[in-house]
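Participant: Line order of the protein sequences matches chains P and D.
Residues -4 to 850 in our numbering are what the first sequence spells out, letter by letter.
Residues -4 to 850 in our numbering are what the second sequence spells out, letter by letter.
Hints in this document: simulated from the structure, not taken from any laboratory.
Where hints are given, some of them may not hold.
Note that the list lumps identical chains together, so a pair holds whenever it fits in one copy or between two copies.
Stated by the list, open to error - Below, computed lysine to any residue pairings styled on SDA-like, alpha-carbon distance capped at 20 Å: (1) K437 <-> E530; (2) K110 <-> S252; (3) K256 <-> A235; (4) K315 <-> T673; (5) K309 <-> T673; (6) K240 <-> E11; (7) K309 <-> G826; (8) K438 <-> E530; (9) K309 <-> D623; (10) K330 <-> E280; (11) K240 <-> S57; (12) K110 <-> S57; (13) K256 <-> R357; (14) K309 <-> E624; (15) K240 <-> V(-4); (16) K330 <-> I259; (17) K240 <-> E117; (18) K240 <-> A14; (19) K240 <-> D732; (20) K240 <-> P112; (21) K616 <-> G506.
Protein chains: 2
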Amino acid sequence: VQYGHFDDDAREYVIETPATPLPWINYLGNEHFFSLISNTGGGYSFYRDAKLRRITRYRYNSVPEDSGSRNYYISLMEPVTDNTADDSSAPAEAPASAGTLRPALTWSPTFLPSKTPLDAYECRHGMGYTVFRAAKAGIETELTAFVPLHTTAEINHLAVKNTTGREVVVDVTGSVEWCLWNAVDDSSNFQRNLSTGEVEVEQTETSTMLYHKTEFKERRDHYAFYSVNEPTVGFDTCRADFLGKFNGWDTPDVIASGESKNSIAYGWYPIAANHVRLTLQPGEERMLVFLLGYVEFPEAAEHPEVKWQDGDAKAGIINKQPAHELFDRFNTSEKVFAAFRELRAYWDELLGGFQVTTGDERLDRMVNIWNQYQCMVTFNLSRSASYYESGMGRGMGFRDSNQDLLGFVHMIPGRARERILDIAATQLPDGSAWHQYQPLTKKGNADIGGGFNDDPLWLVASVFAYLNETGDASVLRESVQFDNAAGSEQPLIEHLRRSVHYTMTHRGPHGLPLIGRADWNDCLNLNCFSTTPGESFQTVENNDTGVAESVFIAGMFVLYGEQYCQILERYGATDLNMDDSSVADEVRDVRAAVAEVTEAAMTAGWDGDWFVRAYDALGEKVGSHVNDEGQIYIEPQGMCVMAGLGVQDGRAATALASVKERLTCRWGTAILAPAYTTYHVELGEISTYPVGYKENGGIFCHNNPWISIAETKVGDDDEAFEVYRRTCPAYLEPYSDIHLTEPYVYCQMVAGPESPTPGQGKNSWLTGTAAWTFVDVSQFLLGIQPTFDGLRLDPHMPSRFGQLHVERLWRGTRYLIDIERTGERSLVVDGQPVDGNVIPQAPAGTEEVNVRLTI
Amino acid sequence: VQYGHFDDDAREYVIETPATPLPWINYLGNEHFFSLISNTGGGYSFYRDAKLRRITRYRYNSVPEDSGSRNYYISLMEPVTDNTADDSSAPAEAPASAGTLRPALTWSPTFLPSKTPLDAYECRHGMGYTVFRAAKAGIETELTAFVPLHTTAEINHLAVKNTTGREVVVDVTGSVEWCLWNAVDDSSNFQRNLSTGEVEVEQTETSTMLYHKTEFKERRDHYAFYSVNEPTVGFDTCRADFLGKFNGWDTPDVIASGESKNSIAYGWYPIAANHVRLTLQPGEERMLVFLLGYVEFPEAAEHPEVKWQDGDAKAGIINKQPAHELFDRFNTSEKVFAAFRELRAYWDELLGGFQVTTGDERLDRMVNIWNQYQCMVTFNLSRSASYYESGMGRGMGFRDSNQDLLGFVHMIPGRARERILDIAATQLPDGSAWHQYQPLTKKGNADIGGGFNDDPLWLVASVFAYLNETGDASVLRESVQFDNAAGSEQPLIEHLRRSVHYTMTHRGPHGLPLIGRADWNDCLNLNCFSTTPGESFQTVENNDTGVAESVFIAGMFVLYGEQYCQILERYGATDLNMDDSSVADEVRDVRAAVAEVTEAAMTAGWDGDWFVRAYDALGEKVGSHVNDEGQIYIEPQGMCVMAGLGVQDGRAATALASVKERLTCRWGTAILAPAYTTYHVELGEISTYPVGYKENGGIFCHNNPWISIAETKVGDDDEAFEVYRRTCPAYLEPYSDIHLTEPYVYCQMVAGPESPTPGQGKNSWLTGTAAWTFVDVSQFLLGIQPTFDGLRLDPHMPSRFGQLHVERLWRGTRYLIDIERTGERSLVVDGQPVDGNVIPQAPAGTEEVNVRLTI
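Using the sequences provided together with the hints, build the complete structure.
Facilitator: In structure tokens form, the structure reads like this:
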């Protein structure tokens, strides 16, 4: 069963029913102002930080689900007829707008909150925008929601068209519920919050602007507003007045009566509702611009008077000048359309850097549109705010952010560079890293701490990817602090050195890297023996015996240790002022360690038919045939083979065959098998989940592309593609009733084959799966690999893909690449045959290079 | 406007409409299992800790409000008639229960969640129980909710009676939504939680028990269940299946269709719904016992196998034995009725220790019933869980807990003694105190820290009250740790000494006590100059200049320093093994300091017409006529006069006249005036609130009784009573539409005269107001004052109260006291005239003493 369809020309997913299995969402915003928006209009907005600057309120785990924000109501109005009076002198031909009116029928252009069945409904999630088309009783609406570029506001542009053939009066009410800024405090500190809410109202003959200024009196330098660019017949700012007793947002009193109360909120629950009355002639269309804006006065720290009208804090009237300016930028539909065109052009450019034609429309739409789009969303949001991440908790992950970068570096290399420097500054002097850092302060999060021993190596991965994409070796010379401490600055290359040496110097009894609190699998907590409910498995280390080792990190070290060596060899002498002998010494030392770790992985880390996962704090194997449960884990099979381990001697192929046999089902490859039926205190959180869910035997999509890449390493291109396809959302579209989550983006986890609900997806959008699947499909399946000095072509598509066309923008030049399966290898670049499979970087200023590869 | 009435004989408040201005609630539970329950059945249950062991889910700030827990549905069923079939062979006289049935009409016996208008509705909040009586379509229901004594379960006993005169089939479905134990995690950590939910179902021919066992697999040793003692026709445990798409708890799919789905929750949102079908003859009544139970296995730490059926963790079936035992204790209405009678007897005894007859029924019901009841609720709940305290945040307050004790020590002196020792153990070695401690661990809360300089003196107040109530001087010898540190034990009297000396040694330039982070007014933060939004005013001390002083603490020191001296003089030699000279030395030193502080308060602390509030970190006066705003504060006027300052020289009366003139309105006495219109960085949170709310000019009910007591000190008994009356909820009952909160309990704050909404109450139930108003009315207005060795009678009632009768249980003897206004003072005890106004303590074993006082 599917609930919509892709419109690839428009780069949209078109949802055809409000009743998707779960709210299917989209993200608006590109810089600082962000919104979530579901296919029924749910969601919320925030400025930069979803916890500290939440603008509108959203109720997670609400009943009914997905209610409470971005509430629009359309009411077809009818005259009040007083049955008790016998005065029938009113002319029958009176215009519809005459006399007292009341709602005859009310609906929402987004279906929710009113829940009135619609005659027509369509939700189009596009690149940074969402459009709702609805029709009811001859009234057609189109609601377009987006955040313009360089703007701290969400536009809700509403077109209302009368197709009834008669004059009608239509009331339109738009409303939002304010969050009192700090989302955690907003949902818990009622003894204070119910007394703090404050609003202002500015109703003129041409517009109404409703301001939310809670705590502006004191330390905040920001407020929000919700406006409409037409005269209103009323407004409300007090939730209780607007909704009335016992009502939800589906049936507010004010909407039922058609009469706004012009209420002013004093504490309790401030909202903003703007009520417009339109008289529409037959065929007439009117357009309204609702604007949800955010204004701040950073200069108030120095000049507090700027916050206030006439500089008068005591009078307490806020300075509305910046709000007026923002309003004026979008106070006509023409201005809105122009901003919308700019937004579309922005995305055209972003996505245009990698476009493919393969003959498989599902593959094309994922690569060309949705996978790249999701990578941008992970850049913007990290793991902060989705329908599963409540925006209240964690900061940016060191590990997450480095991996996410692999997916967006080709679109926004400049911002990727900034991100690398931010991340590196949270590394600790010994080479380890804070596990998370706060995006607002960019400081390490002491609540979580460090000690996740895979973390530092991911920094090598992201820098290596950045160098391949840009060739910008100057980043290696950038002076970056450790632990954000002034005076600790060192060139970025020194950060990489410490990352690599941290692993070299933290190895266990088998010569394998120590795992620390956890490696990539946050739930494999080998030094935490927890018996206290609610205790964090990630932050408790109560039994660190110094022997728990990770074969997964071993694979990482082989892979990223080698990347580090290649960076030194390529840029050490030319860009880092290193003399040849110090480059040679360092490379020799690291490669010696890589060889040692390789040896350890292939002996202590090899179980006979697959790679062992780890050794626990008692020195016992994890992920081995000797275990009753959790005999095989996916991660070391993927990472070790990606690093090349066992590729020559066939053990890689053996390991991957075991993966296919023991972990793979139609929905993807599970993280381990058999799942743990009981709690293992020596393993940690991994064994807490019910069988088949999350880290206990779920299909953790993030690591599936590692297997796909690994299959390309051993030459099984068909299975490489199958691994890619099984978790790829576009291919799952026909099974949306089972998969549940959006068919246009990846989710973190799909319930595994041992679960009671195999195939059921959870935690869509904010997952490292986006970046890794894009790396897999672009660099390994399609095989377009940027390198330090050229673009390597090494496709591993199944043989049924006879012809591929790829457009790849790389270092300012657009490479137009045709790949054809002829059975004979050749590479022709701008008409010139080239040996090998690497296209040399074109001279600066070259616009296009035409490439033809035959294989 | 009022929404109900008092039924004093039953000790109940009877709410006559579901549409109270706010949910009006009650508390169930007396030891470890607690529930909140509103007049529409809302609320939630928890075991001991509202954050860590929340059993059912509740959505604070929900829309619609007060939805989502304790959901009962009654459906009158009718046969499905198939209009398309022409088979009319079914006999017309078929019984109502024959054939396929569907709901003809559905309602909730608590009105919510279904919202169907009822023919009759009544909610009776009693002492530890709530009864809902409803009628609809000839079906009468009575739902009684209570937590039996010594039981970890809430009973919902439902009687259903058919008064239609014909046979009917009635479907009854009871349901709860499970919280995944940790209320904070439950409302934020969805990426994990949506995969963890697990249930078991045990449906037999006589009952159905639905078990919630999330995380039982791993570290939890507890589960919950929801059962009914009748056969069910179906059940549900999966919320999405039960509710269906887009529905709230008002219109679940299963209720609309009348067909349970027997759903099993795998993750997502586990619930429990039990569906019973009753066929009722005319006049027949049936009774159902729904039980929400909690079971734990503390022995599992040593013997983990006890958690599992047959000790088999791998099979994963929970050990249901304790649940079955709990179920069996209440599996008939007779057993339920017996438990209900026990509960009522328990409360009769608790409240019976203080009963008054004054001729003013409002006064009597507050003293005899509701004020004492509220004091017990503050004992049980502290500030953890109400409709304003989300149960997620704070622990027990050092200051709060000591003051709460003043209100319940006469009812449960033994538990008061335990509480004192718990509190004292969180004192720090230097005499200061952790500001809060966690009830589960009893450790100080390091997130909040200490440095609230009033805190330690409140320990003297509670111990003094305990000694007056019990005469049990052994408590002073109890060995108590400092900061819960082993080896730091000292007798309790040493804790008192350090409390008093902490103030003596922490005084500022005027000789007044330093305020620290704040004193009683948590929002007067004189050493915190905060400019960062969201930063806690209580924990930041960034500008402690060492000069910010509190006149309020000065008053406290005079009052409680003297009490400490009296304790030493009375018990030092006899009970504490102190020699006379060390008692004398200590008393001399303390009284000398008291004299110094008195002098400072009457000079630097005196503003001319009232007491100054404080000196800020810049050495400027706070609460003085020299200020533009915040010229006069209530707290020092109350506390200093209670301590006797200015009583002799008339300045106390002057200060109180200023209070009346400048702070008092019909709704009570505001905390300060004029309210602050702008933020004062040097004052802190107090100036953040909108004008007239909370600490910025609201009526903070807690301190109103101080003024009432102070008025008795200066002899204005009429105003003393008026101050009491203005905030007393029973007197506000006619104004419930303005006051909003429950007319049977105090709220923390009423919007002040400068606010836009004067008289509007907030934050009802969990406030120190309960204890202090009870101290005021019982000890100062009625004037029954326990002392170390006798019961002092010193009534200060207005002259219109000609006769008073008080029954006071004190140290095992019931004193039956008649007070008559004759114009002549005399005291007769058991027929014997007594000099003065102190009834000597009766000999042990004396059951009753008859007392007659004339004044």
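Participant: Now tell me if each hint is right for this structure.
Facilitator: Results for each hint:
no.	hint	verdict
1	K437 <-> E530	between (26 Å within a copy, 18 Å between copies)
2	K110 <-> S252	both (17 Å within a copy, 19 Å between copies)
3	K256 <-> A235	within (11 Å within a copy, 36 Å between copies)
4	K315 <-> T673	between (60 Å within a copy, 18 Å between copies)
5	K309 <-> T673	between (64 Å within a copy, 6 Å between copies)
6	K240 <-> E11	between (34 Å within a copy, 16 Å between copies)
7	K309 <-> G826	neither (75 Å within a copy, 67 Å between copies)
8	K438 <-> E530	between (24 Å within a copy, 17 Å between copies)
9	K309 <-> D623	between (72 Å within a copy, 12 Å between copies)
10	K330 <-> E280	within (17 Å within a copy, 69 Å between copies)
11	K240 <-> S57	both (18 Å within a copy, 12 Å between copies)
12	K110 <-> S57	both (16 Å within a copy, 18 Å between copies)
13	K256 <-> R357	neither (51 Å within a copy, 37 Å between copies)
14	K309 <-> E624	between (69 Å within a copy, 11 Å between copies)
15	K240 <-> V(-4)	between (39 Å within a copy, 17 Å between copies)
16	K330 <-> I259	neither (31 Å within a copy, 53 Å between copies)
17	K240 <-> E117	between (32 Å within a copy, 18 Å between copies)
18	K240 <-> A14	between (28 Å within a copy, 7 Å between copies)
19	K240 <-> D732	between (36 Å within a copy, 13 Å between copies)
20	K240 <-> P112	between (24 Å within a copy, 13 Å between copies)
21	K616 <-> G506	within (14 Å within a copy, 69 Å between copies)
Hints 7, 13, 16 from the earlier list are contradicted by this structure; the remaining hints agree with it.
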